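The whole structure should be built from the sequences, with the hints applied where relevant.
Here are the chains, one letter per residue:
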Amino acid sequence: MERRTLFDKIWENHVVTHEEGSPAVLYVDLHLVHEVTSPQAFAGLREKGLAVRRPDRTVATMDHSTPTNTRDLSLIDALAARQLQVLAQNCREFGIRLYDMESAERGIVHVIGPELGLTQPGLTIVCGDSHTSTHGAFGALAFGIGTSEVEHVLASQCLLQARPRTYRVHFDGRLQAGVTAKDMILALIARIGIGGGTGHVFEYTGEAVRNLSMEGRMTLCNMSIEGGARAGMVAPDETTFEYLAGRPYAPQGEAWEEAVAAWRALPSDQGADYDRSVTLDVSTLEPMITYGTNPGMGLPISQPIPDPAGMGDPGARAMTEKALRYMDLQPGRPLLDHKVDVVFLGSCTNSRLSDLREAARVLDGRKVADGVRMLVVPGSETVRRQAEAEGLDRIFTNAGAEWRYAGCSMCLAMNDDRLQPGQYAVSTSNRNFEGRQGTGGRTFLASPLTAAATAVTGRVTDPRTLEE
Amino acid sequence: MTLEPFTRLTATITPLPYDDVDTDQIIPAKYLKGTTREGMDQGLFARWRYGPDGSPNPEFPLNRPAYRGSQILVTGNNFGCGSSREHAPWALYAYGFRAIISPSFADIFRNNALKNGLLPVAVEPEMQAALLALVEEDPAAKITIDLDAQTVTLPDGRQATFPIDGFSKRCLLDGVDQLGYLLKQEAAIAAYEEETGKARPEMEQR
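So the sequence lines, in the order shown, correspond to chains C and Z.
Heads up: the first sequence is residues 0 to 467, going by numbering that gives the first Met the number 0.
Heads up: the second sequence is residues 0 to 205, going by numbering that gives the first Met the number 0.
In case anyone wonders, no lab produced these hints; they're calculated from the structure.
Careful, some of the hints might be misleading.
[What the hints assert, rightly or not] 25 angstroms max Cα-Cα, derived SDA-like pairs, lysine to any residue: (1) C:K321 <-> Z:P57; (2) C:K338 <-> C:P307; (3) Z:K183 <-> C:V14; (4) Z:K32 <-> C:R96; (5) Z:K168 <-> Z:E185.
From a predicted model like this one, the values you see are computed outputs, not experimental measurements.
Structural data, given as structure tokens:
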């Protein structure tokens, strides 16, 4: 029998039709919607007189342009408020379930999908957001789409897709204390480059992936797009089923047993072929941090900033020079001990309960350094409540950090949470592009542990040197 | 939606010789708060195009008089990486670009561009270098992109071919929206749902 990968199985299960000379028509099981990339799609439906084909498979939330210091939309800028109102109006008109500002379950789309049990193994999941790859942690095929495609899915529940190639990313070995899923994905992207996975879907395999919690797997899959792959996946296992059991949208009773039985058949067959593969040994991995202006410009935290003069490839040399100019960093110097102004703990990459717990463990009984602003933004209102029930919010506020409402916040600075020109931040988010966190702002991407340790010292700090 | 068909384009070039131009640079997040596709050209490359006080940066290629009216952007590897925002091709198109030439494109950007009449033209690095050298020497030089033949031709006759999937090519040549094709698949979609039992009772109950 033909040996198939996890990706092959899900893809083949979802091809509605595939005519010669045209892309495949791929069925979408779950469509997630937010305020920024959907208004033009709904407008398109209205112009064409179309309905939403499956409102029952469509779920919306407010996250990108929402404030995190208030839930009162009258206090925010008129354009953002209007965009949120338009989403609410579209959801009412087209019959779509919306987690709005009043909802106790609202949050970042890639945090609430899994949290509510909407995200399940074997599904195809899309959203007008590149970090939709997050949901692949459950063994789903999940990827970001543009607004035209949002309209396609709203109207037809399908997408026109060329079949991507497969790329096995094997993480061998065991992580040392202080090293996390975030460091694994930053190490991968530093290795293969930000275009390394273009045209491919990653499948993450190996002991180090099996040992990750679901939240760690979400962090890993989240940044697949930063390696150029639209989707990243982890085969479902007991960790997956344990996470999902009892969640609001997870199947119950007999349906649960049937679902788990079907999910057990999803992992890649032994000996299945991938178009490409790479292996990384994590047993010697250090905490990773980025120094440049894309997520591939990362290094082990003890290493010096690379010198473009030593780079053979003229393209890489020019880009590194440009990045170091923007970051105002000297080649050959360590990044360790570099002063920072802001620490941002949040985003769809690292804003879940385990991320907050890790950071709180570092900050407990300590203070955020003088002159450093630390912003802690939970990924959802549910995470916020859970963290408060555990007293994490008190640890953060006692340390001098700001404790906020859920949202994308300073990851992309669409609301008022942003860096000032020239400021340096250690950020647990996913993109260090020029100005991403605020015009002129400079971002070092790192794990929640590294972020918290840095907040304490006010300088880029290896979390392993702080921990007792 | 009817798109302007893309058949053959003869136009001047704007050079943007950087690799990995991400969609946050193509259009920063603060320009994503609209609810229509209008006015996107304002935000195109805003952080590079304008100084901190909002005045045009004279060094940036889009502000150089020599490149005014250009319809083709020639740029580096992996153009359009990062965010899935379709505002990026909307902004490029609204500004006047009809084709982007690069050795490679990020997946989501390429998909988005093709749905908006903006042609991503992937050429070998040697051809990209030749185009950058051409515009350096003569900013008024015009090149021709022929979609039907899938060729890029320089004034001296040098030529390169580029790949495009047949479906997107037909849609661009005819100026038709891809949604039309999907809507014609209704019977197949309904049959698929019937066969696979694509109900999700747990979603309907809540």
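- Task: Compare the distance between the alpha carbons of Z:K32 and C:R96 with 25 angstroms, and conclude whether the hinted pair is satisfied.
- Result: 22 angstroms, holds
- Task: For the pair we were handed, C:K338 and C:P307, check the Cα-Cα distance against 25 angstroms.
- Result: The hint holds at about 22 angstroms.
- Message: Check the hint pairing C:K321 with Z:P57 against an upper bound of 25 angstroms on the C-alpha distance.
- Response: 18 angstroms, holds
- Message: Z:K168 and Z:E185 were given as a pair; does the straight-line alpha-carbon distance stay at or below 25 angstroms?
- Response: 23 angstroms, holds
- Taken at face value, is the distance from the CA of C:V14 to the CA of Z:K183 at most 25 angstroms? Holds, at about 16 angstroms.
Of the numbered hints listed earlier, not one is contradicted by the structure.
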